[in-house]
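Given only the sequences and the hints, what does the whole structure look like? Please build it.
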Amino acid sequence: MKRVTKLFSISLIVIVVDQIVKLLVKFNMEKGDAGQIKILGDFFKLHFIENNGAAFGLTLTELFNNIGLDMSESTGKLILSLFSILAVSAIGVVLYRLKDHKSALPIFIALIFGGALGNIIDRTFYGIWFADINDYTGSLFYGRVVDMFYLDIWKGYLPDWKWFPLFNGQYTALWPIWNVADASISIGITVILLFQGRFFKQDELARGVNTDSSKPSELATDSKATNKPTHGEEDGSDAKSDVDDAKEEAEKTVKAAVAAHAISEDVDSEDHQEDVEGEGASEDVGDEGGDAG
Numbered sequence: 001m002k003r004v005t006k007l008f009s010i011s012l013i014v015i016v017v018d019q020i021v022k023l024l025v026k027f028n029m030e031k032g033d034a035g036q037i038k039i040l041g042d043f044f045k046l047h048f049i050e051n052n053g054a055a056f057g058l059t060l061t062e063l064f065n066n067i068g069l070d071m072s073e074s075t076g077k078l079i080l081s082l083f084s085i086l087a088v089s090a091i092g093v094v095l096y097r098l099k100d101h102k103s104a105l106p107i108f109i110a111l112i113f114g115g116a117l118g119n120i121i122d123r124t125f126y127g128i129w130f131a132d133i134n135d136y137t138g139s140l141f142y143g144r145v146v147d148m149f150y151l152d153i154w155k156g157y158l159p160d161w162k163w164f165p166l167f168n169g170q171y172t173a174l175w176p177i178w179n180v181a182d183a184s185i186s187i188g189i190t191v192i193l194l195f196q197g198r199f200f201k202q203d204e205l206a207r208g209v210n211t212d213s214s215k216p217s218e219l220a221t222d223s224k225a226t227n228k229p230t231h232g233e234e235d236g237s238d239a240k241s242d243v244d245d246a247k248e249e250a251e252k253t254v255k256a257a258v259a260a261h262a263i264s265e266d267v268d269s270e271d272h273q274e275d276v277e278g279e280g281a282s283e284d285v286g287d288e289g290g291d292a293g
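In our numbering, the protein residues as written are 1 to 293.
It cannot be assumed that every hint is accurate.
Claimed, not checked - List time: in silico EDC-like cross-link candidates among lysine to aspartate or glutamate, alpha-carbon distance up to 16 Å:
| id | residue 1 | residue 2 |
| --- | --- | --- |
| 1 | K31 | D135 |
| 2 | K99 | E248 |
| 3 | K247 | D100 |
| 4 | K2 | D100 |
| 5 | K26 | D152 |
| 6 | K155 | D42 |
| 7 | K26 | D135 |
| 8 | K102 | D245 |
| 9 | K201 | D100 |
| 10 | K201 | D245 |
| 11 | K38 | D152 |
| 12 | K201 | E248 |
| 13 | K247 | E204 |
| 14 | K155 | D33 |
| 15 | K6 | D100 |
| 16 | K45 | D132 |
| 17 | K45 | D33 |
| 18 | K45 | E30 |
| 19 | K102 | D33 |
| 20 | K99 | D245 |
| 21 | K99 | E204 |
Keep in mind the hints are simulated off the structure, nothing from the lab. The structure displayed is predicted, hence computed values, not measured ones.
So, in structure tokens, the structure goes:
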């Protein structure tokens, strides 16, 4: 099996696993606290939500409105959905171009590609595939992403600090709810950021060993006499150029993945924020009732 086939197979596996988990949750769990399943007590839970993209789309709408351009929320969401598709397409191209990279770098790009595609499937098609059971009105490009994994690290009221103006005194949760696709993207981005230097060294060494092993000693001697570069030196220069190109491609991949992933992550945080604010309001009402009693 060619390496490019193996790489895209990794992406396909991520997509299949992600979609299976999402469909199991969508068809078998109730949303919110009512259907919540505790796995490790209150720390790790299955908590079904669907994010609609309205929060991030609204931010884009406000940005355009502030510069004097009118844009509806639906248009803002459509632009972001199309942007994420373009970003993921770019990642796919990069993955194909790095198929011969002599390290594990393409494997983690394949994880990013598969995860990003998994979420795009939800946003693009879930609005029409599951129109009969959705509790929202969706269409092509207006679906909602299914999330379910919840690490409940901390939730409560943030301190009312003057130098923390954006969130001071606000009821919030520390960790967003995520899915298999989010995990795949996060793993890929994190590993590439931490180990990209090692990946490119491995690629450069592997290419250097191959070129050195095929370099005839006589050719090196003749080359020194004529002050011309040997084939090995030329190949080494080409390998160095390939490594530089690969670094550029990897950087583009991470930027595109972060941009596409930020759409769903910011929306997840906003939707989850609404949930926890509702919980905070319920707790406040309970406390007031207790005081009155």
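Tested hints:
Between the alpha carbons of K31 and D135 the distance comes to roughly 10 Å, so the proposed pair stays at or under 16 Å and holds. A C-alpha spacing of about 15 Å is found between K99 and E248, which places the hinted pair at or below 16 Å, so the restraint holds. For the suggested pair K247 and D100, the alpha carbons sit about 13 Å apart, so the restraint of at most 16 Å is met. Distance check on the hinted pair: K2 and D100 sit about 10 Å apart at the alpha-carbon level, within 16 Å; holds.
A hinted pair counts as satisfied when its Cα atoms are at most 16 Å apart, and K26 with D152 does not qualify at roughly 21 Å. At roughly 11 Å between alpha-carbon atoms, K155 and D42 fall within 16 Å of each other, so this suggested pair holds. Pair hint K26 plus D135 holds up; C-alpha atoms about 11 Å apart against a cutoff of 16 Å. Restraint check for K102 and D245: satisfied, since their Cα atoms lie roughly 13 Å apart, inside the 16 Å limit.
A threshold of 16 Å between alpha carbons decides the hint, and for K201 with D100 the separation of about 14 Å falls inside it, so the pair holds. As the CA atoms of K201 and D245 are separated by approximately 13 Å, the hinted pair is consistent with the 16 Å bound. With a C-alpha separation of about 11 Å, the suggested pairing of K38 with D152 holds against the 16 Å cut-off. The hinted pair formed by K201 and E248 meets the criterion: a straight-line CA distance of about 15 Å does not exceed 16 Å.
The hinted pair formed by K247 and E204 meets the criterion: a straight-line CA distance of about 11 Å does not exceed 16 Å. Restraint check for K155 and D33: the C-alpha separation of about 15 Å stays at or below 16 Å, so the hint holds. As the CA atoms of K6 and D100 are separated by approximately 12 Å, the hinted pair is consistent with the 16 Å bound. Between K45 and D132 the alpha-carbon distance is near 28 Å, which puts this suggested pair outside the 16 Å criterion.
A hinted pair counts as satisfied when its Cα atoms are at most 16 Å apart, and K45 with D33 qualifies at roughly 10 Å. A threshold of 16 Å between alpha carbons decides the hint, and for K45 with E30 the separation of about 13 Å falls inside it, so the pair holds. Simply put, K102 and D33 have alpha-carbon atoms about 47 Å apart, too far for the 16 Å limit, and the pair is violated. With a CA separation close to 13 Å, the supplied pair K99 and D245 stays within the 16 Å bound.
The hinted pair formed by K99 and E204 meets the criterion: a straight-line CA distance of about 15 Å does not exceed 16 Å.
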